[in-house]
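Chemist: Listed here are the chains, written in short residue letters.
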Amino acid sequence: MMPAPESYVTDGHSTQEPRQPVVVLRDLEKRFGDFTAVNKVTLEVRKGEIFGFLGPNGAGKSTTIRMLCGILQPTGGMGSVAGFDITRQPEEIKKNIGYMSQRFSLYEDLTVEENIDFYSGIYQIPADKRAERKEWVLRMAGLEERRLSRTATLSGGWKQRLALGCAVLHAPPIIFLDEPTSGVDPLSRRNFWDLIYHLAEGGVTVFLTTHYMDEAEYCDRLGLIYRGELIAQGTPDELKTRYMAEDVMEIACAKPQEALRLITALPGIGYASLFGSKLHVVAEKGERTPEEFRQVLEREGIPTESVERVLPSLEDVFVSLIEARDRQEGAQREFAR
Amino acid sequence: MMDRLKAMLVKEFIQAFRDPRMRFILLVIPIMQTIIFGYAVNTDVTDVATAVYDLDNSRESRDLIDRFARSEYFSEYEYVQREERVRELLDRGDVRAVIRLERGFGAAIRSGRPAAVQLLLDGTDSNTAGIVAGYAATIVSRYNIDVSTQRLAHRGIVPGPAGVRLETRAWFNENLESRNYYVPAVIANIVMVITMLLSSMAVVREKEIGTMEQMIVTPIGKWEFILGKTVPFVLIGFINVALVTAAAVFWFKVPLRGSLFLLFFGTALFLLSSLGFGLFISTVSHTQQQAMMSAFFFLFPAMLLSGFAFPIANMPEPVQWLTYLNPLRYYLVIIREIFLKGVGIEILWPQMAGLAILGACIFFFAVSRFRKTLS
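Protein chains in written order, with the numbering used here: chain A, 1 to 337; chain B, 1 to 375.
The hints are simulated quantities; they were obtained by calculation from the structure and are not laboratory data.
Any given hint might turn out to be false.
What the hints assert, rightly or not - When the alpha-carbon atoms are kept at most 35 Å apart in a straight line, the in silico DSBU-like pairs for lysine-lysine are as follows:
#: 1; chain 1: A; residue 1: Lys95; chain 2: B; residue 2: Lys341
#: 2; chain 1: A; residue 1: Lys285; chain 2: A; residue 2: Lys240
#: 3; chain 1: B; residue 1: Lys222; chain 2: A; residue 2: Lys134
#: 4; chain 1: A; residue 1: Lys47; chain 2: A; residue 2: Lys134
#: 5; chain 1: A; residue 1: Lys134; chain 2: A; residue 2: Lys95
#: 6; chain 1: A; residue 1: Lys95; chain 2: B; residue 2: Lys207
#: 7; chain 1: A; residue 1: Lys47; chain 2: B; residue 2: Lys222
#: 8; chain 1: A; residue 1: Lys40; chain 2: A; residue 2: Lys129
#: 9; chain 1: A; residue 1: Lys134; chain 2: B; residue 2: Lys253
#: 10; chain 1: B; residue 1: Lys341; chain 2: A; residue 2: Lys134
#: 11; chain 1: B; residue 1: Lys207; chain 2: B; residue 2: Lys6
#: 12; chain 1: A; residue 1: Lys47; chain 2: B; residue 2: Lys341
#: 13; chain 1: A; residue 1: Lys40; chain 2: B; residue 2: Lys207
#: 14; chain 1: B; residue 1: Lys222; chain 2: A; residue 2: Lys129
#: 15; chain 1: A; residue 1: Lys47; chain 2: A; residue 2: Lys95
#: 16; chain 1: A; residue 1: Lys129; chain 2: B; residue 2: Lys341
#: 17; chain 1: B; residue 1: Lys6; chain 2: A; residue 2: Lys129
#: 18; chain 1: B; residue 1: Lys372; chain 2: B; residue 2: Lys222
#: 19; chain 1: B; residue 1: Lys253; chain 2: A; residue 2: Lys95
#: 20; chain 1: A; residue 1: Lys240; chain 2: A; residue 2: Lys255
#: 21; chain 1: B; residue 1: Lys372; chain 2: A; residue 2: Lys47
#: 22; chain 1: A; residue 1: Lys285; chain 2: A; residue 2: Lys40
#: 23; chain 1: B; residue 1: Lys6; chain 2: B; residue 2: Lys222
#: 24; chain 1: A; residue 1: Lys129; chain 2: A; residue 2: Lys95
#: 25; chain 1: B; residue 1: Lys253; chain 2: B; residue 2: Lys341
#: 26; chain 1: A; residue 1: Lys285; chain 2: A; residue 2: Lys255
#: 27; chain 1: B; residue 1: Lys253; chain 2: A; residue 2: Lys129
#: 28; chain 1: A; residue 1: Lys40; chain 2: B; residue 2: Lys6
#: 29; chain 1: B; residue 1: Lys207; chain 2: B; residue 2: Lys372
#: 30; chain 1: B; residue 1: Lys6; chain 2: B; residue 2: Lys372
#: 31; chain 1: A; residue 1: Lys47; chain 2: B; residue 2: Lys207
#: 32; chain 1: B; residue 1: Lys6; chain 2: A; residue 2: Lys134
#: 33; chain 1: A; residue 1: Lys278; chain 2: A; residue 2: Lys255
#: 34; chain 1: A; residue 1: Lys40; chain 2: B; residue 2: Lys222
#: 35; chain 1: A; residue 1: Lys47; chain 2: A; residue 2: Lys129
#: 36; chain 1: A; residue 1: Lys95; chain 2: B; residue 2: Lys222
#: 37; chain 1: B; residue 1: Lys207; chain 2: B; residue 2: Lys222
#: 38; chain 1: A; residue 1: Lys240; chain 2: A; residue 2: Lys40
Work out the full structure, taking the sequences as your base and the hints as a guide.
Modeler: In structure tokens:
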């Protein structure tokens with residue numbers, strides 16, 4: 001990994017100190033007409049954290065990030081970034097953040113270097129630092145050989161890294177990444193995450209949105225957003241241990257297809273799916289013991305190797321929380337009638 | 001401030017001139033348009049195709065027809081033999097005028113009785129028809145004078161000098177060439193179309209390709225962004241005026257009598273309005289297509305109500321008031337008078353003041369509508 005620039009090293013935090021919150025949201029709300037895109041979201045992100053905002057498309061992830069970056073005005077609640085209020089001091093915030101939008105948003109008709117030079121000027125990087133910063137970005141993004149290429153000719157992964165490079169050119173203490181790896185191949189995604197870790201180690205706070213569950217695992221902390229509401233937050237481990245209302249079992253058996261059909265038909269099963277050659281089963285809490293599953297399968301003549309209670313995946317937690325939320329809303333609607 | 005503006009300018013210039021098609025549009029097309037339009041915008045009426053229906057076929061009738069044919073205004077197209085042919089030629093548009101002489105024309109002239117010559121005109125283009133009628137009247141009155149002179153000479157009278165002789169002399173456009181009047185106006189139109197279209201695309205293009213979102217998140221100031229977007233177009237506008245003026249002066253030999261500096265000064269004032277309008281359109285549009293349509297909705301009336309082709313003085317009064325909101329109206333006066341009259345700021349200041357006020361209002365309005373947020 002390349003050495004971090006000076007500014008990041010001196011900005012580094014020690015993990016012992018209690019870290020102060022640098023992004024704070026209190027009942028933040030955004031309505032578009034009748035539609036509430038973001039509904040009273042409250043959360044805090046501390047310095048140096050990689051915070052992941054996880055949710056399906058249209059849940060309000062981008063809207064939230066856009067309010068934090070001063071692109072959209074909230075319709076209620078408050079928020080602050082780097083100590084500045086998002087409604088009253090958006091321009092102060094803009095000096096302290098880097099932002100990468102979902103869509104590639106650099107100039108395709110400019111070369112790699114010209115894009116970097118443009119943002120150097122816009123962020124008023126001192127003239128004597130410019131060359132150094134440019135080389136750092138080119139090295140970080142692995143674009144040294146392509147510096148004179150028209151940006152339009154770069155592949156997706158390179159474009160992402162260049163966009164990240166331009167977003168951190170001015171060494172902002174906080175960066176916002178809106179689905180930074182959508183549409184990028186797995187290897188490029190891995191490289192991209194190396195860059196994010198590298199920045200976080202240097203004390204940069206990273207706030208990102210994603211709908212990839214595996215990507216969410218890389219975050220220090222997560223917020224789960226669904227239909228504009230924050231339905232859970234915590235570290236990936238906390239989410240898996242605290243928020244899962246059901247039991248998760250993993251069953252290794254013969255004829256997994258047939259077994260899947262049998263188990264799905266049982267009462268009290270949330271859902272079951274094939275996970276490699278094993279069955280992944282989400283069952284109502286305490287409803288069925290591993291032994292019962294074994295009995296059911298063996299009665300049908302399916303030899304069963306093992307049935308184990310396992311830690312749920314983030315996907316399990318997410319699906320479970322969303323279903324719980326849907327049931328609750330359904331019940332409320334019934335009641336309202 | 002300067003860092004950011006400089007970065008914007010560098011970027012805008014790269015974007016404007018990198019694409020070879022764009023370079024062609026910005027630098028070659030205006031010259032080509034000036035040359036083509038320069039030939040096209042010509043309202044001089046000469047060599048009007050004319051049919052002759054001479055039922056008399058006497059010495060007198062042939063003499064009169066000959067006078068028409070010898071003038072540079074009429075050119076003989078056909079000697080018609082039948083009544084129906086007259087209609088046919090006019091219907092098809094083969095001729096725009098028909099001279100018809102009744103039987104007995106020569107006899108009437110010889111015996112000193114009044115004789116009639118009929119001029120049939122294609123009145124679809126009323127303006128040209130009027131001009132042709134005027135030419136015919138001149139030829140006929142000349143003929144009348146000659147006939148009377150001859151008649152008096154027969155009686156041994158030599159007529160003395162007539163009472164009044166009209167001495168016409170045109171100033172500024174000595175030979176009354178319409179091209180000298182229209183080519184400078186073409187320059188104004190080209191500059192308006194190019195700068196308005198460019199500026200109306202400027203902001204909305206970034207919105208559409210998604211780069212605007214990134215710009216909004218940077219600490220760039222509103223004015224830095226807008227100046228960065230418009231200053232390059234001011235320069236492109238100047239380059240166009242220079243190129244197109246050169247084409248007008250060297251290709252069409254249109255006289256440029258006034259100060260070139262004043263021409264550029266007037267252009268700068270005009271650009272304030274045209275870029276202001278363009279910027280406003282760009283700010284309120286959501287797509288480039290919308291912006292393009294809006295720009296055309298503005299450009300078309302701006303040209304019609306500018307005095308480019310239809311004199312403002314002939315318009316009904318309420319329409320005349322409307323033209324005061326049209327920046328092209330002022331710019332046309334400035335550019336035409338600098339070219340042909342060679343007048344200076346002492347004459348042109350009201351037009352320049354008008355442009356400055358209008359431009360400043362439009363530009364500041366456009367800037368005030370520009371927000372550094374989406375939605």
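Chemist: Does each hint fit the structure? Answer for all of them.
Modeler: Evaluated hints:
1. A:Lys95 - B:Lys341: 55 Å, violated
2. A:Lys285 - A:Lys240: The given pair, whose Cα atoms are some 14 Å apart, holds under the 35 Å limit.
3. B:Lys222 - A:Lys134: Judged against 35 Å, a Cα distance of about 26 Å means the pair holds.
4. A:Lys47 - A:Lys134: 25 Å, holds
5. A:Lys134 - A:Lys95: At roughly 18 Å apart (the allowed maximum being 35 Å), lysine 95 of chain A and lysine 134 of chain A satisfy the hint.
6. A:Lys95 - B:Lys207: 21 Å, holds
7. A:Lys47 - B:Lys222: 31 Å, holds
8. A:Lys40 - A:Lys129: Distance ~42 Å between lysine 40 of chain A and lysine 129 of chain A Cα, so the pair is violated.
9. A:Lys134 - B:Lys253: Violated, at roughly 53 Å.
10. B:Lys341 - A:Lys134: 56 Å, violated
11. B:Lys207 - B:Lys6: Holds. Lysine 207 of chain B to lysine 6 of chain B sits at ~21 Å (cutoff 35 Å).
12. A:Lys47 - B:Lys341: Distance of about 71 Å is beyond 35 Å: violated.
13. A:Lys40 - B:Lys207: Distance ~29 Å between lysine 40 of chain A and lysine 207 of chain B Cα, so the pair holds.
14. B:Lys222 - A:Lys129: 26 Å, holds
15. A:Lys47 - A:Lys95: 17 Å, holds
16. A:Lys129 - B:Lys341: 57 Å, violated
17. B:Lys6 - A:Lys129: 17 Å, holds
18. B:Lys372 - B:Lys222: Roughly 7 Å separates the two Cα atoms, so the pair holds.
19. B:Lys253 - A:Lys95: 56 Å, violated
20. A:Lys240 - A:Lys255: Distance ~29 Å between lysine 240 of chain A and lysine 255 of chain A Cα, so the pair holds.
21. B:Lys372 - A:Lys47: Satisfied, since the Cα-Cα distance of roughly 27 Å is no more than 35 Å.
22. A:Lys285 - A:Lys40: It holds: about 30 Å lies between the C-alpha atoms, which stays within 35 Å.
23. B:Lys6 - B:Lys222: 14 Å, holds
24. A:Lys129 - A:Lys95: Since the Cα atoms of lysine 129 of chain A and lysine 95 of chain A sit roughly 17 Å apart, the hinted pair holds (cutoff 35 Å).
25. B:Lys253 - B:Lys341: 15 Å, holds
26. A:Lys285 - A:Lys255: It holds: about 26 Å lies between the C-alpha atoms, which stays within 35 Å.
27. B:Lys253 - A:Lys129: This hinted pair is violated, its Cα atoms lying about 55 Å apart.
28. A:Lys40 - B:Lys6: With a Cα-Cα distance of about 42 Å, the restraint between lysine 40 of chain A and lysine 6 of chain B is violated, given a limit of 35 Å.
29. B:Lys207 - B:Lys372: 11 Å, holds
30. B:Lys6 - B:Lys372: Judged against 35 Å, a Cα distance of about 19 Å means the pair holds.
31. A:Lys47 - B:Lys207: Answer holds: lysine 47 of chain A to lysine 207 of chain B is near 32 Å, not above 35 Å.
32. B:Lys6 - A:Lys134: 18 Å, holds
33. A:Lys278 - A:Lys255: 10 Å, holds
34. A:Lys40 - B:Lys222: OK: lysine 40 of chain A and lysine 222 of chain B at ~31 Å, within 35 Å.
35. A:Lys47 - A:Lys129: 25 Å, holds
36. A:Lys95 - B:Lys222: 15 Å, holds
37. B:Lys207 - B:Lys222: 15 Å, holds
38. A:Lys240 - A:Lys40: 24 Å, holds
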